[in-house]
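Trainee: The chain contents come next:
Protein chains: 2
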Amino acid sequence: MLRALVGTQSCVAGGLAGQMELARESLHISVTDPVAASMNFLNEVASRFPAAISLAAGRPSVEFYDIADVERCLAVYVGYLRDQGMTGSRARDAILQYGRTNGQLGMMISRMLEIDEGISVPEESVMVTSGCQEAMVIALRGLAAAPEDVVLAVEPCYVGFTGAARVVGVPVVGVPEGPEGVSPQAVARVTGEVRASGRRPRALYVVPNFANPSGISLRDEARRGLIEVAAEEDLLILEDDPYGLFGADDRRSPTLKSLDTDQRVIYLGSFAKSVFPGARLGFLVADQVVVGADGRRSLLADELSTVKSMVTVNTSPIAQAVIGGALVSCGYSLRSANQEKIAFYRRNMAALLGALDRCFTDPSITWNTPDGGFFAVLRAPVRADEKLLELSARDYGVLWTPMSFFYLQGGGSDAIRLSCSALTADQIDEGVRRLATFIADVRS
Amino acid sequence: MLRALVGTQSCVAGGLAGQMELARESLHISVTDPVAASMNFLNEVASRFPAAISLAAGRPSVEFYDIADVERCLAVYVGYLRDQGMTGSRARDAILQYGRTNGQLGMMISRMLEIDEGISVPEESVMVTSGCQEAMVIALRGLAAAPEDVVLAVEPCYVGFTGAARVVGVPVVGVPEGPEGVSPQAVARVTGEVRASGRRPRALYVVPNFANPSGISLRDEARRGLIEVAAEEDLLILEDDPYGLFGADDRRSPTLKSLDTDQRVIYLGSFAKSVFPGARLGFLVADQVVVGADGRRSLLADELSTVKSMVTVNTSPIAQAVIGGALVSCGYSLRSANQEKIAFYRRNMAALLGALDRCFTDPSITWNTPDGGFFAVLRAPVRADEKLLELSARDYGVLWTPMSFFYLQGGGSDAIRLSCSALTADQIDEGVRRLATFIADVRS
Chain A
3 MLRALVGTQS CVAGGLAGQM ELARESLHIS VTDPVAASMN FLNEVASRFP AAISLAAGRP
63 SVEFYDIADV ERCLAVYVGY LRDQGMTGSR ARDAILQYGR TNGQLGMMIS RMLEIDEGIS
123 VPEESVMVTS GCQEAMVIAL RGLAAAPEDV VLAVEPCYVG FTGAARVVGV PVVGVPEGPE
183 GVSPQAVARV TGEVRASGRR PRALYVVPNF ANPSGISLRD EARRGLIEVA AEEDLLILED
243 DPYGLFGADD RRSPTLKSLD TDQRVIYLGS FAKSVFPGAR LGFLVADQVV VGADGRRSLL
303 ADELSTVKSM VTVNTSPIAQ AVIGGALVSC GYSLRSANQE KIAFYRRNMA ALLGALDRCF
363 TDPSITWNTP DGGFFAVLRA PVRADEKLLE LSARDYGVLW TPMSFFYLQG GGSDAIRLSC
423 SALTADQIDE GVRRLATFIA DVRS
Chain B
3 MLRALVGTQS CVAGGLAGQM ELARESLHIS VTDPVAASMN FLNEVASRFP AAISLAAGRP
63 SVEFYDIADV ERCLAVYVGY LRDQGMTGSR ARDAILQYGR TNGQLGMMIS RMLEIDEGIS
123 VPEESVMVTS GCQEAMVIAL RGLAAAPEDV VLAVEPCYVG FTGAARVVGV PVVGVPEGPE
183 GVSPQAVARV TGEVRASGRR PRALYVVPNF ANPSGISLRD EARRGLIEVA AEEDLLILED
243 DPYGLFGADD RRSPTLKSLD TDQRVIYLGS FAKSVFPGAR LGFLVADQVV VGADGRRSLL
303 ADELSTVKSM VTVNTSPIAQ AVIGGALVSC GYSLRSANQE KIAFYRRNMA ALLGALDRCF
363 TDPSITWNTP DGGFFAVLRA PVRADEKLLE LSARDYGVLW TPMSFFYLQG GGSDAIRLSC
423 SALTADQIDE GVRRLATFIA DVRS
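From first to last, the protein sequence lines are chains A and B.
Residue numbers for the first sequence follow the numbering used here, beginning at 3 and rising by one.
Residue numbers for the second sequence follow the numbering used here, beginning at 3 and rising by one.
In short, the hints are calculated from the structure, not lab data.
Since we're looking at a predicted model, the values are computed, not measured.
Here a beta-carbon is modelled for each residue, glycine too, at the ideal position from N, C-alpha and C.
Just to be clear, a hint being listed does not mean it is correct.
[To be verified] With the C-beta cut set under 10 Å, the calculated list includes, among others, these residues of chain B facing chain A: (1) His30; (2) Gly171; (3) Asp264; (4) Ser311.
Looking at chain A on its own, in the form it has when it is part of the complex (with noise of 0.2 Å):
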């Protein structure tokens, strides 16, 4: 939660002649900030050590698509904005002018669910945005009203989450997750401490597939138990979900909102797997009803509108017209236009785990096993912390990330989280090796 630091903008001795210097403790969030400063040391820890494998970067393969693609896309959804009678000039303004603050892929986006997740929920609903991050920032400021509001979030979190929450000055309560994601019962247990405490829960959040950092996908009973709960403590659930797509066909999980009989989960979703991150959009689903005291009702997502004028007014219609072309082309299923997506990054997590297998035979190394998505985290009698981190980059070529950067109060200090969405088979299986020495060496 916020540490409101009081400080100084005066003049420090010794500055440059006449220069005003800012004193660092004076500013409300900086790179001090200890998830900030935890980020920095693993970007500067990895621009020293160019040459060594990253199980630490956890971003897309952009390698399925071309600079072109951007051209293509656009140009489709300009075609899509003619073929629904928008005259030259309409579409013009609809492409480079500002638009509508909630965006204009509302109907894709509901079609876009309904095909591939199963969720059916009304165009108006939708709020497209500068990316998730957007998203999540926009959420925890419409619900948390009050100084006793606060957040749950499943522990380990996601770091996106928790600087979401510090920016608007949320507080996050953690609910530790076990060896199969998040329970019911734990959720009730921390929503009832919280409220014991004089403090208000006003959402929790949680990734039910794939989860990051932990990879943990969420059983359908646990799922059905999550809504079952949200109802009982009177909680609204944030599903983040973008790792859904990356997994077993056959083994898929619905998502919480399809589930989500009564309005209880406001739905995350990003374009930056299914497409590129470099449109940056991003989307929140919320078709809540809200009554004023005068009864007059609406929609979330148009309450909402409100604290997105305030944030980015709206999100780049260009940006949107290139996400736009790309689900048109597809027919609005994402699933169908990812297949050579998901078998290669199916091939990289069997490859990791098959690595780990052959890498690791002492019993008290441990690690699971998600059948998808990007993350795997392992399990050793060492200090994985920054010290370690350094020692392994310098002296065994190999980067990865201390999971205790993901916890809320501390934990984690025995896991590492090892993503393999950014490398090739080879490169994973040299890079586990390379663990597996530097693991080796440092236990003896």
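Starting from the structure of chain A, add chain B where the hints point.
Mentor: Chain B alone, transformed into the frame defined by chain A:
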């Protein structure tokens, strides 16, 4: 400042069967937000009377562009990357992958500022943002650290700034402007009052050129005075300059940033008017030196990158490429690229002022005479509120903006903002004629 609305998420009697409903009062910011409610009313009236001439719409004209320009700019930027020696895959990553938090146009924007505005800043001090709105959010969130921190804003104030402050929970204190704009003395007086009340003023928000909403430009002496008072009162200045380009070349005043010898000014820029809004690209320049307790020095832009990473991660590289291509195409001089547009807006302002001269002869009705920009303000002995606006739209076919929308604590009830940016000279003429008839009728 923030009103923490405590409410409940519980079911409201009479809701759809089993469906959760949210009480609007339980939201932090919703369409009931006063500023949002005013703007929604304006849009709603505009949509109900589409035949009305809008002297309210402040959006730029995009007549000067075609959709093909997006493709062209993108191609120019890709060519630029290749000329810089970027290989195919690195160029692809620059457009399609995530990018540096502060963006990839720092060098181009610093060159543009040098050529067009005489502002000399290192490229590392530039942060590319998802529109200028995000730049305001990031600057405010980064600077306001303690509960007692407030920002000052010249009043009447652009609603985007008050909205950004509301979303990050930073109180705004108005500094009233006179017919010549804000005076350094007024800034010193309000700063003293704020300090006396136990609060800490962190920065002053000012639009020195053709301000929205007042249309006023600051005289050179006032600009120098603001820099001095900022140093004396230990304030930063947030200089927002979206309209500076659209004035008389022979009567240009220096930007505050170009006068800023000791890094008092954070400069906020937008490409929405100088290129087109569809890219949603803006930037901030923060070349202040930040010093930590450990003595480590950095640029404020680097410290703020942590906030940026928590709001939108990074600005769409595709949108950056489009604007980057536009900057390359004009040799980094938006002033030279905008000659036609500058002439267009100046013709429209002349048409507006000419029509006011012809149509309003009653000495009790006055207006200011900006020599550029998008806005002028008319004062008349009427109560310029929402009721009057609706009457004007319905019975007289002309829309305008009540100046009262732009005051923090009330004011401007007899004043009307007139915009001339998105109309033809004939429409402006007819709109003012209708306005004159309307005002004559409501007074008699």
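Trainee: Next step is simple, just say for each hint if it's right about the structure.
Mentor: Against the structure, the hints come out as follows:
no., hint, result
1, His30, "holds (4 Å)"
2, Gly171, "holds (6 Å)"
3, Asp264, "holds (5 Å)"
4, Ser311, "holds (7 Å)"
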